[in-house]
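Peer 1: Note that the protein sequences, when read in sequence, are chains A and B. Just so it is clear: in the first sequence, position 154 is 154 by the UniProt record's numbering, and no numbers are missing. Just so it is clear: in the second sequence, position 107 is 107 by the UniProt record's numbering, and no numbers are missing.
Treat the hints with caution; some may be incorrect.
[Stated by the list, open to error] Below, in silico cross-link-like pairs of lysine to any residue (SDA-like), each with a Cα-Cα straight-line distance of 20 Å or less:
#	chain 1	residue 1	chain 2	residue 2
1	A	Lys-299	A	Ala-131
2	B	Lys-299	A	Thr-182
3	B	Lys-49	B	Gly-422
4	A	Lys-49	A	Thr-421
5	A	Lys-184	B	Ala-62
6	A	Lys-184	B	Asp-63
7	B	Lys-299	A	Asp-183
8	A	Lys-299	B	Lys-49
9	A	Lys-299	A	Arg-282
10	B	Lys-184	A	Arg-66
11	B	Lys-251	B	Arg-282
None of these hints come from the bench; they were simulated from the model.
There are 2 protein chains.
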Amino acid sequence: MTVRQLHLNLFIYPDGHHEAAWRRPESQPERITDITYYQELAQRAEAAKFDAVFFADGPALADNIRYAARGGLEPITKMTAIAAATERIGVIGTSSTTYNEPYNLARQFASLDHLSNGRVGWNIVTTSSAAAAHNFGLDAHPAHAQRYERAEEFLDVVTKLWDSWEDDAVLADRESGVYADTDKIHRIDHEGRHFSVAGPLNAPRSPQGRPVYVQAGSSEDGRSFAARWAEAIFTAHQTLENAQEFYADIKARARSVGRDPEGLKVLPGISPFIGSTAAEARALEEEFNDLTQPAYSLKQLSNLVGVDLTAYDLDGPFPTEVVAPVGDRAFHSRSQLVLDIVARESPTIRQLCHRLAGARGHRVVAGTPVDIADTIQEWAERGAADGFNVMPPWLPGGIDVFIDEVVPLLRERGLFRTEYTGTTLREHLGLDRPASQYAPTPQKETA
Amino acid sequence: MTVRQLHLNLFIYPDGHHEAAWRRPESQPERITDITYYQELAQRAEAAKFDAVFFADGPALADNIRYAARGGLEPITKMTAIAAATERIGVIGTSSTTYNEPYNLARQFASLDHLSNGRVGWNIVTTSSAAAAHNFGLDAHPAHAQRYERAEEFLDVVTKLWDSWEDDAVLADRESGVYADTDKIHRIDHEGRHFSVAGPLNAPRSPQGRPVYVQAGSSEDGRSFAARWAEAIFTAHQTLENAQEFYADIKARARSVGRDPEGLKVLPGISPFIGSTAAEARALEEEFNDLTQPAYSLKQLSNLVGVDLTAYDLDGPFPTEVVAPVGDRAFHSRSQLVLDIVARESPTIRQLCHRLAGARGHRVVAGTPVDIADTIQEWAERGAADGFNVMPPWLPGGIDVFIDEVVPLLRERGLFRTEYTGTTLREHLGLDRPASQYAPTPQKETA
Ligand SMILES: Cc1cc2nc3c(=O)[nH]c(=O)nc-3n(C[C@H](O)[C@H](O)[C@H](O)COP(=O)(O)O)c2cc1C
Ligand SMILES: Cc1cc2nc3c(=O)[nH]c(=O)nc-3n(C[C@H](O)[C@H](O)[C@H](O)COP(=O)(O)O)c2cc1C
């Protein structure tokens with residue numbers, strides 16, 4: 001069998017990804033700020049040999065907190081506490097290039113990579129929530145293209161900072177009194193349109209050299225950015241065809257900038273409702289959907305399409321004619337995904353809300369463990385995915401079902417590891433450790 | 001006996017506070033980025049019932065890294081990993097009001113307070129290292145007065161953010177589907193000279209309400225700032241008289257702004273060289289001083305006094321006539337402290353370097369355990385301190401000697417706890433938990 005092994009991350013969302021999960025009897029919304037809740041989830045994923053846990057983030061409060069369990073722990077601290085409670089699993093967290101200073105972000109991720117012994121990944125985003133702007137002294141969220149332009153320079157700066165100490169800069173020679181070979185610690189002297197940063201970083205190079213560069217953003221700009229920088233890309237697709245198109249496109253883009261496409265893993269989200277029969281699984285999904293609240297779902301949908309939908313009949317058709325152009329929205333790829341569903345399925349507004357309730361646009365699959373494993377295998381074998389961000393509709397239980405029922409099937413089919421073979425996240429993902437751009441090239445060394 | 005109990009923090013500096021500690025055979029400089037090193041130190045301090053561990057910080061690499069073991073883990077991540085490995089001890093870390101965005105800082109400290117169950121303190125600084133400016137797009141470090149002006153507004157903003165959720169805002173009512181009472185979650189709509197921040201914070205109010213506000217900065221501006229905001233102040237004094245003057249002044253300033261001076265604890269640093277005889281302790285200090293390197297010590301001293309001293313005779317007198325005015329320096333209080341030593345003792349440059357090598361200007365005491373305990377008791381009884389930041393010259397061993405030899409004497413004298421009585425850092429320090437400024441006042445509630 002030539003199928004390569006898949007990568008699986010557990011994407012942890014407080015009470016699960018379904019927007020009504022917190023209302024279910026088995027949910028634990030009171031633990032949303034309890035770090036042991038997240039540590040325990042990570043430990044379960046580690047016991048199942050997942051590549052990593054994954055966290056989304058945005059620096060603003062969701063504006064519909066009345067109806068949704070949101071507002072909890074911040075990712076850097078959450079990731080650190082998880083790293084401290086685990087040994088092998090990777091820890092990937094989202095941070096924004098729009099609302100951080102590169103020096104501060106570089107320090108924290110370098111420190112996390114040190115203290116986790118090389119298990120950290122950075123999910124790079126430009127921030128989808130326009131409300132963030134008002135928490136950072138801006139009148140408005142910068143335009144999509146401007147955000148990606150800043151992201152580009154941001155990556156240049158932090159990469160230089162993470163490279164600024166060569167791997168062998170620390171000597172700690174008690175006898176001579178020389179702690180560091182300062183010829184191997186480099187100022188970066190970056191001067192650009194958005195940033196001017198002298199460096200060097202105030203920390204030695206970390207075990208992975210740099211955190212693993214994960215990226216989330218699938219628009220035209222997002223894809224070019226990912227092709228240049230990303231080592232893994234998290235993406236949302238409703239259909240196999242869309243996912244295949246995306247996969248082929250992103251790998252081609254990587255190739256066209258001179259990269260080995262193997263160095264850029266494509267990881268769509270998948271949200272599994274699992275039952276002992278397909279009917280049971282679908283009934284479970286419906287139970288969840290019945291707990292959704294239109295005041296919440298409509299607000300989410302209205303944000304995505306740029307039109308206030310509250311005046312429309314929930315059971316009437318989606319008013320395609322009034323929606324704002326995707327290019328005016330903050331989150332191009334997700335707005336497009338919603339319009340694609342409308343074009344394909346002509347749902348009522350309520351049906352569309354239910355389609356998005358499970359995982360905000362990611363693929364929701366309701367079925368038996370075999371159905372779920374089949375879908376995963378199909379996407380993997382037909383060029384749509386190198387792995388998945390698993391997004392349980394509810395937590396903590398929803399990941400247990402997946403681990404107990406689906407993971408064994410994937411193992412039987414040779415699709416998923418039974419033991420970790422490496423210790424770093426790069427090793428789990430099959431990614432090389434990058435050399436410092438300031439290190440002498442091998443040629444120079446032998447000259 | 002009416003003596004109140006003292007507060008003791010362990011101030012962790014990588015290999016100890018003496019600048020040459022890393023060159024000693026018992027040092028572990030290879031563990032500077034190993035989180036277990038810091039976790040173990042915190043666990044020892046916790047076993048000895050210390051109030052907290054404490055970390056300094058600055059967002060720039062020390063410019064004399066060739067000769068000093070510097071450049072390690074970043075405080076937020078280090079503090080989190082320590083919180084995850086301990087249960088009761090407080091964790092205080094330094095973050096700058098000059099080089100952070102208030103929304104980002106507020107999130108991380110709130111998250112830390114949640115995940116430590118109320119054990120976090122923020123050491124507020126405006127940053128002493130002028131080099132930091134060049135890592136944040138600035139041509140120069142803002143002037144001292146400007147930094148404190150920004151700090152003032154920064155504190156206003158983050159305090160509002162930490163108060164923005166009333167304590168009982170989360171309902172998590174599954175039945176009605178209401179997660180949060182949005183009447184109890186407040187926008188802050190701050191518009192000021194430096195910041196414009198809408199809020200609310202995207203996290204519920206934390207166990208302590210806010211992190212404990214610790215402050216380090218003892219200039220005129222620093223003192224006024226502390227009088228308004230600080231709940232504990234970390235300060236450096238060479239003599240009992242100076243410490244008494246400072247203590248009386250800071251308590252008077254707190255009173256004059258309408259605060260209970262008991263709510264502002266004064267914690268000078270103390271760096272103990274402990275021997276079984278005073279002569280042995282002094283010999284140990286000399287051994288350390290013999291390992292200092294003039295290239296390093298002179299650079300530190302030159303930075304503080306604003307004059308390049310490398311051309312001067314090390315064994316000649318300190319050239320008082322050429323030093324820059326304190327008001328031109330970044331770190332007023334420390335520059336003044338150095339000039340005071342010169343005025344008092346007329347040391348040679350080398351002698352001055354040795355005076356500062358142990359703890360960068362904090363009081364170094366070499367003596368028997370009884371001598372150390374006597375000094376601590378004298379400062380406490382004669383109105384110079386509510387407690388101390390203990391700064392072992394070397395680590396990890398230097399804190400063990402203090403815990404084994406000095407702490408029992410303090411306990412015998414009724415000066416230090418034998419068991420924790422509370423669970424939060426506020427409780428350890430005897431500080432009240434602040435109410436949210438947005439919460440209805442008790443009057444309103446009963447009206
Ligand atoms: C699968 C996926 C996940 C994302 N997760 C986040 C997130 O956690 N936080 C966030 O601010 N933005 C997130 N984004 C959006 C990014 O911020 C992105 O930089 C921006 O909104 C533009 O997205 P686009 O390139 O798809 O238009 C995500 C995007 C995708 C496709
Ligand atoms: C005891 C003490 C400790 C300090 N620790 C730090 C520190 O860890 N990082 C830092 O940037 N500044 C530190 N500072 C200095 C502060 O940044 C301060 O805001 C600024 O330099 C002005 O200090 P001043 O008010 O004493 O002049 C410290 C100051 C004192 C007095």
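Peer 1: Next step is simple, just say for each hint if it's right about the structure.
Peer 2: For each hint, the structure was consulted:
Taking the CA atoms of Lys-299 of chain A and Ala-131 of chain A, the gap is near 14 Å; set against the 20 Å cutoff, the hint holds. Between the alpha carbons of Lys-299 of chain B and Thr-182 of chain A the distance comes to roughly 16 Å, so the proposed pair stays at or under 20 Å and holds. Straight-line distance between C-alpha atoms of Lys-49 of chain B and Gly-422 of chain B comes to about 11 Å, which keeps the hinted pair within the 20 Å bound. For the proposed pair Lys-49 of chain A and Thr-421 of chain A, the alpha carbon gap of about 10 Å is at most 20 Å, so the pair holds.
About 15 Å separates the Cα atoms of Lys-184 of chain A and Ala-62 of chain B, which keeps this hinted pair within 20 Å; it holds. About 14 Å separates the Cα atoms of Lys-184 of chain A and Asp-63 of chain B, which keeps this hinted pair within 20 Å; it holds. With a CA separation close to 19 Å, the supplied pair Lys-299 of chain B and Asp-183 of chain A stays within the 20 Å bound. The straight-line distance between the Cα atoms of Lys-299 of chain A and Lys-49 of chain B is roughly 51 Å, outside the 20 Å bound, and the hint therefore fails.
Taking the CA atoms of Lys-299 of chain A and Arg-282 of chain A, the gap is about 25 Å. The hint is violated against a cut of 20 Å. Distance restraint check for Lys-184 of chain B and Arg-66 of chain A: the Cα-Cα separation of roughly 11 Å lies within the 20 Å cut-off, and the hinted pair is therefore satisfied. This hinted pair does not check out: Lys-251 of chain B and Arg-282 of chain B have alpha carbons roughly 34 Å apart, beyond 20 Å.
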